[in-house]
Structure formats: C-alpha cells, structure tokens
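Trainee: Mind docking chain B on chain A? Use the hints.
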Amino acid sequence: MLILTCPCCGVTGEETEFHQGGEAHLKRFGPGSSDNEFHDYLFAKENPKGVHLERWRHVYGCGKWFIAARNTVTLEVYGTYSAQTTEPPKDIRDRISAKVPGWSWREFA
Amino acid sequence: MSDAISALPGAAFEGAVRVEESGLQGMITLRGDFGTAKLKKAVKDTVGVAIPATREIAQKDGRGAAWMSPDELLLLLPYADVTDALGKIDKALSGTHHLAVNVSDARAMFRLHGATVREVMAKLVPVDMAPGAFAPGQIRRTRMAQIPAAFWMTDEDTVHVVCFRSVAQYAFDLLKDAARSEGRMGLFD
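These protein sequences, in sequence, are chains A and B.
To convert, note that position 31 of the first sequence is 31 in my numbering; the numbers rise steadily by one, no gaps.
To convert, note that position 140 of the second sequence is 140 in my numbering; the numbers rise steadily by one, no gaps.
Here chain A stands alone, though its shape is the one from the complex:
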C-alpha cells in the first residue's frame, strides 16, 4: 500500500483515498503532428521497473491532481509535487538519486 501526501491540501493518506491517473509529464501531440507522434502520445507509455513519475488525483479528498515520484519495485514514494510543472523539481530528483544512483525516466535523470 502506498502512503501519499497531497501537495494541494497537505493530507497524508493511504492509496485508496487517491486514484492513479497514468504517466506524468506527457507531451501532447494533436492536430498538425505526424501519425507516429500521435500514436506514441496515445499508446507508447512508460512502464518501468523502478523509478516512475505518475499523475495521481486526490479523488476522495480535495479532488486535485498532483504528481508522485515512486518506485514500482520497492513501492517507495520519493515525493509528490504540483501537477503544474513540466519537470520534476530538483529536491525530488535529488531524493531519487540518493536511493537509485544513475536512474533515468524518459528525458529526466
């Protein structure tokens, strides 16, 4: 079971109070993009064994979206941060690096 802290309302709750919303930091490709780009945007999702950045929603609480950095193997949660960001903040990256040296996730490391 994951214990997540919602950065919007500050509640630290267990997993059932939240809902997972897929991969974080998606780059959207819509009208005008190539078929390949649109295909990858729709279907080519990260499914790592290890560090993962995911969107979550505090569905039974304040209802807001945020991003969680966690490990899919150890179920460790490195931290949560605002969904209004285009990349993981430095303190989250440092915390991941301390536990998983040399990690990478898409273009982030």
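Just so you know, nobody snuck in bad clues.
So the derived list for chain B, only partly shown, Cβ under 8 Å to chain A, looks like this:
no.: 1; residue: Thr54
no.: 2; residue: Arg55
no.: 3; residue: Met68
no.: 4; residue: Ser69
no.: 5; residue: Pro70
no.: 6; residue: Pro126
no.: 7; residue: Arg141
no.: 8; residue: Thr142
no.: 9; residue: Arg143
no.: 10; residue: Pro148
None of these hints come from the bench; they were simulated from the model.
The beta-carbon is built from N, C-alpha and C at its ideal position, and this holds for glycine as well.
Mentor: Leaving out everything else, chain B in the frame of chain A:
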C-alpha cells in the same frame, strides 16, 4: 411548494454513541479564488466567519465555513436562509469567476455524540483519529467505507458527517454498525 424533508427524517440509533440524522441543513458550495477581497467579504457577510485555513472549519452562531479544497468552501447556514444568501453572493461576486450552488438537498448530514466517537470514526475512515492527530476545528474529506464523506468535530464528543444524499441510508447503516455497543474496542481510552 412542497415541504422540504431531509434524507432520513428522525433516523437515530443509540449504541456506544448516539447516531442521528441532523435534519435540514442549509449548505452552499462556493468556489472561487480565496485570495480576492470580494470573496473574503462575501463569505464573511454570508456566514459571519473568515475563510478558514487549509483543512479547517470555522463556525459561529449556527453558521460556518468549511475548507473543502484550495478553491472550494462549504458554507453552512440555516436551511431557510440559503436562497437569500445565494442571491447576495451572486450579486457580491458578479464579474468575478466563481460558482455558488445550493447543495442543501444534495447532501445528508449525521451527528454522532458520545465519549467514544473517535473510535467509531476510526473504524470507518482511513484517518488517524487519535487525539492530537485530529482535533475539533479541523475538517477531513475522505472515504467512509465505500463512499466519499467529510467530517469534523465540534467538541471531543461530537462528530458531524456529511455525505451525498443518495447514499444516506448506506452511511447511516455504516455509522450504526460502527456505533454498536458490542463493538467497543477501547481505542483511545
């Protein structure tokens, strides 16, 4: 107009704690930017309290405001005053991005009273109910068994629970079950 009735009029249960349906309660969902002076004033004028801090509830003279999310408040006031209050809020906030809706009839409210209310709630919600972890004046929106619910304490022996009206019977049955005197566990004693 037909008479308004609450979800389970008069429903009550006497166990380790008393569980009762609270009857008609006026509620307004108000969304907007908490930082704006107009909204602050509208809240103060409607319920007589300032916008509460994160996850807190402020109450005074039968009215109150509860923090529901970074941009949502639940205003509590007498049932009969809601229509008037809504008109005033809409007038005060005209031109600003906001939403004010009468949700009085869309919610059910319960009152739990007794020395072991903390234990009763702890059976149903994934929240640390220990004294010191959750205190009167705080509000928590969470999951109560299988339904969304919000609750707060007005004093150490009283909990108020709000849920959707459509699940009022389910919520009452849950609370009733958790409040049975045979189910005492002695948590927080």
